[in-house]
Each structure stands twice: as C-alpha cells, then as structure tokens.
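J.: Going down the list, the sequences are from chains A and B. For the first sequence, the residue numbers in this note's numbering are 1 to 232. For the second sequence, the residue numbers in this note's numbering are 1 to 173.
The set of hints was computed from the structure by calculation and includes no laboratory data. Beta carbons: idealized from backbone N, C-alpha and C, even for Gly.
Sample of chain B residues lacking proximity to chain A, with all beta carbon distances greater than 12 Å (derived):
{"no.": "1", "residue": "Arg91"}
{"no.": "2", "residue": "Ser94"}
{"no.": "3", "residue": "Gly135"}
{"no.": "4", "residue": "Val141"}
{"no.": "5", "residue": "Arg173"}
In silico BS3-like cross-links for lysine-lysine, where the CA-CA straight-line distance does not exceed 27 Å:
{"no.": "6", "chain 1": "A", "residue 1": "Lys15", "chain 2": "A", "residue 2": "Lys99"}
{"no.": "7", "chain 1": "A", "residue 1": "Lys99", "chain 2": "A", "residue 2": "Lys76"}
{"no.": "8", "chain 1": "B", "residue 1": "Lys16", "chain 2": "A", "residue 2": "Lys76"}
{"no.": "9", "chain 1": "A", "residue 1": "Lys76", "chain 2": "B", "residue 2": "Lys10"}
{"no.": "10", "chain 1": "B", "residue 1": "Lys133", "chain 2": "B", "residue 2": "Lys87"}
{"no.": "11", "chain 1": "A", "residue 1": "Lys99", "chain 2": "B", "residue 2": "Lys16"}
{"no.": "12", "chain 1": "A", "residue 1": "Lys103", "chain 2": "A", "residue 2": "Lys76"}
{"no.": "13", "chain 1": "A", "residue 1": "Lys15", "chain 2": "A", "residue 2": "Lys103"}
{"no.": "14", "chain 1": "B", "residue 1": "Lys10", "chain 2": "A", "residue 2": "Lys15"}
{"no.": "15", "chain 1": "A", "residue 1": "Lys15", "chain 2": "B", "residue 2": "Lys16"}
{"no.": "16", "chain 1": "B", "residue 1": "Lys10", "chain 2": "A", "residue 2": "Lys103"}
{"no.": "17", "chain 1": "A", "residue 1": "Lys99", "chain 2": "B", "residue 2": "Lys10"}
{"no.": "18", "chain 1": "A", "residue 1": "Lys103", "chain 2": "B", "residue 2": "Lys16"}
Simulated DEER-style distance windows between Cβ atoms:
{"no.": "19", "chain 1": "A", "residue 1": "Lys103", "chain 2": "B", "residue 2": "Arg78", "range": "28 to 38 Å"}
{"no.": "20", "chain 1": "A", "residue 1": "Ala171", "chain 2": "B", "residue 2": "Val14", "range": "38 to 48 Å"}
{"no.": "21", "chain 1": "B", "residue 1": "Glu166", "chain 2": "A", "residue 2": "Gly213", "range": "42 to 52 Å"}
{"no.": "22", "chain 1": "A", "residue 1": "Gln215", "chain 2": "B", "residue 2": "Glu137", "range": "32 to 42 Å"}
{"no.": "23", "chain 1": "B", "residue 1": "Gly89", "chain 2": "A", "residue 2": "Asp102", "range": "43 to 53 Å"}
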Amino acid sequence: MLNVFERGLRAHSAKHFPTHWRVIGAAQMDQVVQFAIRRAREAGYRSERDGYLFHSLMLRFGSYFDSDPQYPWLGKALLDDTIGSPSERLGSAYDAAIKYLDKVAGPQGQHIGAAVHRLRGTVLHELRTARQADFQYLLNLAHITWPQKLALMGAQTLRSLAQSVIPLARASGLTTFGGASLYTIACFMFGHGLQRDPQFPWVRQTLSQGLCGDQAMKAFAQSFEAQLAALD
Amino acid sequence: MPLTSSDSTKEAEVSKSQTDRTMGGACEECAAKKKAQPLIAGGGIANGGQNQLAHSADAPGEPKIPSQQGDEAFHYSRRTVVSSIEKQGLRPGSYATPAGDLSPLQAQIDLALPPNRGLPDAVLRVDLAGLRKAGYEVPSVTQVRRAFNMPGGGYEMQFPYPIPPEFITVIRR
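Bound-form chain A, shown alone (with noise of 0.2 Å):
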C-alpha cells in the first residue's frame, strides 16, 4: 500500500513518463516508487522535491544513476559538499541531467528511439551471433546504436562502464563475447545496476535461471528484444 506522498510520486509517473509506465506497469511502479524514496532517503534526502527529482532522475538514468560510471558528472555534483546543500546540490544536478538528455535523447526523444530501432534492426542480431569481441567492436556497436550518446560520453567511459559490468555478467551466465556484449549494451542504454533495478525486473530473472554461454544470451536477448519491442 502506498501512503500518500508515494501515491503522489505515482500520480506524477503516470502523467509525465507514459513510456515508462505503459512499460513498467501500475504495479511495478509502485515498486519503483518505494524504492526511490528509500533511496533518496539512505543518499540523505528528506524533502517531498527531493523525491521527486531523485525518483524522475532514476527514471531517466536507472535506479543507480548516482554510481553508475555513465555518469561520473552526476555523481561528482551529488557528492560535492563544497556546494551548498544536498538538497541544493540534487537540483543542479537535475539541471544538468536535463540538458545532457536533450542533447543525447534530442528534445522529443527521436536519438532514443533510433536508437532502440537500431538495436533491434542491426546490433541485437550482430551480438547474437558474435564469436569473438573486443573493445573496438563493442565500440563500434555502441555506436551504431546510439551514436549521441557514445559521443558525449567518449570510448573510455564506455570502458569504464564495461569493466564494472562484464565481471557480473559473466558471474551470471553470460560468459560468451556476444553475451557479456549484449549485457554491456544493455547497461548502455538502461543503466548500469541493471540486475538490481525494480524498473527491469526482467533482467534479474532472466540472470537467475542458471543458464550459462550461449543459452543464457539466448535467453537474456529473448527478453531484451521484448523490452525494446515494448519501448518502440
């Protein structure tokens, strides 16, 4: 049962992020909310408008936007404690979260949905198929999907975030090139604590059937498709 202030941050969900709650669902995302609001509260914020931009940014960036090595921005201007408040700091760096969106995900959208076609056209298909990679080749993927992004973020901060989450995705199953691959560009586009994050409670337990090489990809793909599928 939500009490009212999630009730409200739910009423917000499903008036200014339609995407997210056709795809998540009335009952998921209320799962959704109460997570946000216990982790704005662990991250120490109290206000009812630091809830709602904590919740909105996770919504936008993943639930682990504020670790996630996608970002490093974001978490450097939450933790900042030379500037103002936390809750001071929170707001600037919503700020910042919504001019870097429009700059990746254009002003209505249109890169974030090329790139969830393209994904589903071109890269899904090349990774399931995939024998050998390296970071040049996943590189080049990340670009083809989402060439707005990777341009913004550069190729060592794609490493970054590989290298902070192949290790889980092979301690999950995915232990071929093209899975750790498709894992990677998961993260890519959703945010890196992926596995954890209530928004994809697909991805946990699609991880947790104790598939292994190519029939956990072929699995994890499976449901990666339907997620772009619902998203388009």
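Given the coordinates of chain A, assemble chain B onto it according to the supplied hints.
T.: Structure of chain B alone, referenced to chain A:
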C-alpha cells in the same frame, strides 16, 4: 530507461516546483493507527520513516504469489485477436493467470509467452465465479516454467475446455 517520450522540460518544471515538505505522509491504515498515537508525528523520512519502510517491497521486482483460484483470471493476448475472442470465446487449452496487473512486457516474461507473436497488449478477464456457477471445474494454478527462452515465474491455469464469450470481458485492448 532513458526519457523516451516524456516531455522532459515540462516534467522538470513540475518536479522542481515541489515543496520542501518532508517526504512521507501516511497511508490510510497507518493514519488510522496514528490517531491512537498522537505523539508520533509525521511519518516522513525526516522522522525515521519506519512506517514507510514497513510498506516497502522487500525485493523490488519479486513476482507476487497470487491467491489460488479466485473469482477472476486474466488472459493476455494481442489486440488483433480480441474481437475474435469476444465473439467466439477462448479455445480449449487456453491459459489465464490470476495476475491482472501485468504490463505487456512483464506478461511476456512472467508467462513465458512466445516472443515471435509480439507483446500481449490486450487483457481479458475470465469470470471464474461465473464458470463455477455454470458447472465448470476451474483448473488449479501452477507456476509458469521457462519456455521460448522466456524465464516464466508467474502463475497460470490452463482450461481444458472452451470458455464461452459470456464469461469473458475485455479489460484492455
């Protein structure tokens, strides 16, 4: 997931216009309890937020175990076949789940539906109470196993008989 179709600028204005009140407020149940405990003020996170934590999900994303054989079940399908189901009902061997609140994506995953047919964007309610009244035996609920590379994990029942259209209502098409 990133913003997609949200109007980020408008949403940003709304989010930033929120007040400095502490997060929280109480759910109705807690509010009722608090009437007897007037010294415990607020309930927001600034006050510890114990009440909110008590309502938080233990593990976000954990599939909920539905009650067995309630009065209704839900059939997830594609909107292109809804009108046919409305006219002819469901064929023998059709499935339904006690969970009526799944998004199309989560239905695909939890119910291990064949991915090559597209996401099940329509939901139909099956009137189990009505079926029972009419003399049908309602099948038991079982957990969905992995199929079509989909993890499953949800709950389902399979009807060995055709379900006439009068027991079916379209919830979402």
